[in-house]
Every structure is written in structure tokens, then in C-alpha cells.
Amino acid sequence: VVSDSLASSTSVKFVVPTESCGSIDHWADAVKQLSHHQVVMGLDLIGSTVRTNRPNAAGTTPFCTDTLLSHVSPWIERAMRLGVSSVLALDLAFVGTERGPGSGPACATIRETWPSISLISGGGVRDRDDLDVLCNAGCD
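Take 1 as the starting number for the sequence shown in my numbering and just add one per residue.
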């Protein structure tokens, strides 16, 4: 539960991550506690699969555009219906590994499919070249 002063602030943003929720409905319930302008969807991926907090919910599917779209479309479409227009896409397999950003292909697919959303990413970023990869993939 978010305090009334934080929930009413226009300058505070909250990342509501998919990995903390058991389902898209659970995520939507958490979002409804806030103003949609305050919410950034934390789209946690492992390869092409959305990671939730359900055991074994996320496989180790290698990146595939069609698979990614089938997994993320319900989440992003639901977020947009709730008025959420910002997405933080992370491939959790790359976070903290210093292997470079693994979310580049997913970000490119998300940007192409939903050009109007604010898209940010990270995970595995080591240097300016890695930032360029994410920028070239369509990240804001």
C-alpha cells in the first residue's frame, strides 16, 4: 500500500514489475492503487518470456519475435488500457552480468509494435556502445 502523499504526487514514478506479480490481473490491481501517470511497467523478461513470481512461470525461451509478442502483448495492451504509457524492459538473464544489454532485440520489437510508448531499458550495460545498442533498438 502506497501512502496518500506519495500516491497523490505528480513527480513520483513507481516501477511496478511483472516479476513481483503472479499474474497480469495482480499487476493491474497494483497499478490501480496509483495514478496511471506515476506508473512505469517493469516488463521483466527471460528471453522471450515475461517473468512473474509464479514458480516455473518463465522458461528459458531464446529470443524470438513471434514468441515475444505473444507473451508481452497482453501485458502491454493491459497497461495501455489502464493509461500506463511507460515501459522498462529488462532481460533478467543479463542483469548484473556485464555481458551487454540482452534486451535490445525485445526493445526493437516493442518499439516497432507500440511506437507511442516511452521505452527504457538496462541490464548488462557496460559502456557507451551498450547504450548505443539500446538507443538504436528504440529506447528513449
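Derived from the structure by calculation, the hints contain no laboratory data. Nothing here was measured: the structure is a model prediction, and the numbers come from that model. Where a beta carbon is used, it is the ideal one built from N, C-alpha and C, also for glycine. Certain hints may be false.
Said to hold, decoys possible - Pairwise CB distance ranges (calculated):
#1 Ser-70 - Gly-22: 13 to 21 angstroms
#2 Ser-73 - Ala-30: 18 to 26 angstroms
#3 Lys-32 - Asn-136: 15 to 23 angstroms
#4 Arg-54 - Asp-132: 32 to 40 angstroms
#5 Thr-113 - Gly-22: 20 to 28 angstroms
#6 Gly-96 - Cys-135: 19 to 27 angstroms
#7 Cys-135 - His-26: 29 to 37 angstroms
Claimed, not checked - The list that follows gives simulated cross-link-like pairs (lysine to any residue, SDA-like), each with its CA atoms no further than 20 angstroms apart:
#8 Lys-32 - Ile-46
#9 Lys-13 - Asp-140
#10 Lys-32 - Arg-99
#11 Lys-32 - Ile-117
#12 Lys-13 - Ser-86
#13 Lys-13 - Leu-82
#14 Lys-13 - Leu-34
#15 Lys-13 - Ser-116
#16 Lys-32 - Gly-96
#17 Lys-32 - Cys-64
#18 Lys-32 - Ser-85
#19 Lys-13 - Ile-46
#20 Lys-13 - Thr-113
#21 Lys-32 - Pro-74
#22 Lys-32 - Gly-42
#23 Lys-13 - Gly-83
#24 Lys-32 - Ser-11
#25 Lys-32 - Thr-97
#26 Lys-32 - Asp-66
#27 Lys-13 - Asp-29
Cross-check of the supplied hints:
no.: 1; hint: Ser-70 - Gly-22: 13 to 21 angstroms; in the structure: holds, 19 angstroms
no.: 2; hint: Ser-73 - Ala-30: 18 to 26 angstroms; in the structure: holds, 20 angstroms
no.: 3; hint: Lys-32 - Asn-136: 15 to 23 angstroms; in the structure: violated, 35 angstroms
no.: 4; hint: Arg-54 - Asp-132: 32 to 40 angstroms; in the structure: holds, 35 angstroms
no.: 5; hint: Thr-113 - Gly-22: 20 to 28 angstroms; in the structure: holds, 25 angstroms
no.: 6; hint: Gly-96 - Cys-135: 19 to 27 angstroms; in the structure: holds, 21 angstroms
no.: 7; hint: Cys-135 - His-26: 29 to 37 angstroms; in the structure: holds, 32 angstroms
no.: 8; hint: Lys-32 - Ile-46; in the structure: violated, 26 angstroms
no.: 9; hint: Lys-13 - Asp-140; in the structure: holds, 16 angstroms
no.: 10; hint: Lys-32 - Arg-99; in the structure: violated, 36 angstroms
no.: 11; hint: Lys-32 - Ile-117; in the structure: holds, 19 angstroms
no.: 12; hint: Lys-13 - Ser-86; in the structure: holds, 10 angstroms
no.: 13; hint: Lys-13 - Leu-82; in the structure: holds, 15 angstroms
no.: 14; hint: Lys-13 - Leu-34; in the structure: holds, 10 angstroms
no.: 15; hint: Lys-13 - Ser-116; in the structure: holds, 19 angstroms
no.: 16; hint: Lys-32 - Gly-96; in the structure: violated, 31 angstroms
no.: 17; hint: Lys-32 - Cys-64; in the structure: violated, 31 angstroms
no.: 18; hint: Lys-32 - Ser-85; in the structure: holds, 14 angstroms
no.: 19; hint: Lys-13 - Ile-46; in the structure: violated, 24 angstroms
no.: 20; hint: Lys-13 - Thr-113; in the structure: violated, 24 angstroms
no.: 21; hint: Lys-32 - Pro-74; in the structure: holds, 17 angstroms
no.: 22; hint: Lys-32 - Gly-42; in the structure: holds, 15 angstroms
no.: 23; hint: Lys-13 - Gly-83; in the structure: holds, 14 angstroms
no.: 24; hint: Lys-32 - Ser-11; in the structure: holds, 17 angstroms
no.: 25; hint: Lys-32 - Thr-97; in the structure: violated, 34 angstroms
no.: 26; hint: Lys-32 - Asp-66; in the structure: violated, 29 angstroms
no.: 27; hint: Lys-13 - Asp-29; in the structure: holds, 17 angstroms
When held up to the earlier numbered hints, the structure conflicts with 3, 8, 10, 16, 17, 19, 20, 25 and 26 and fits the remainder.
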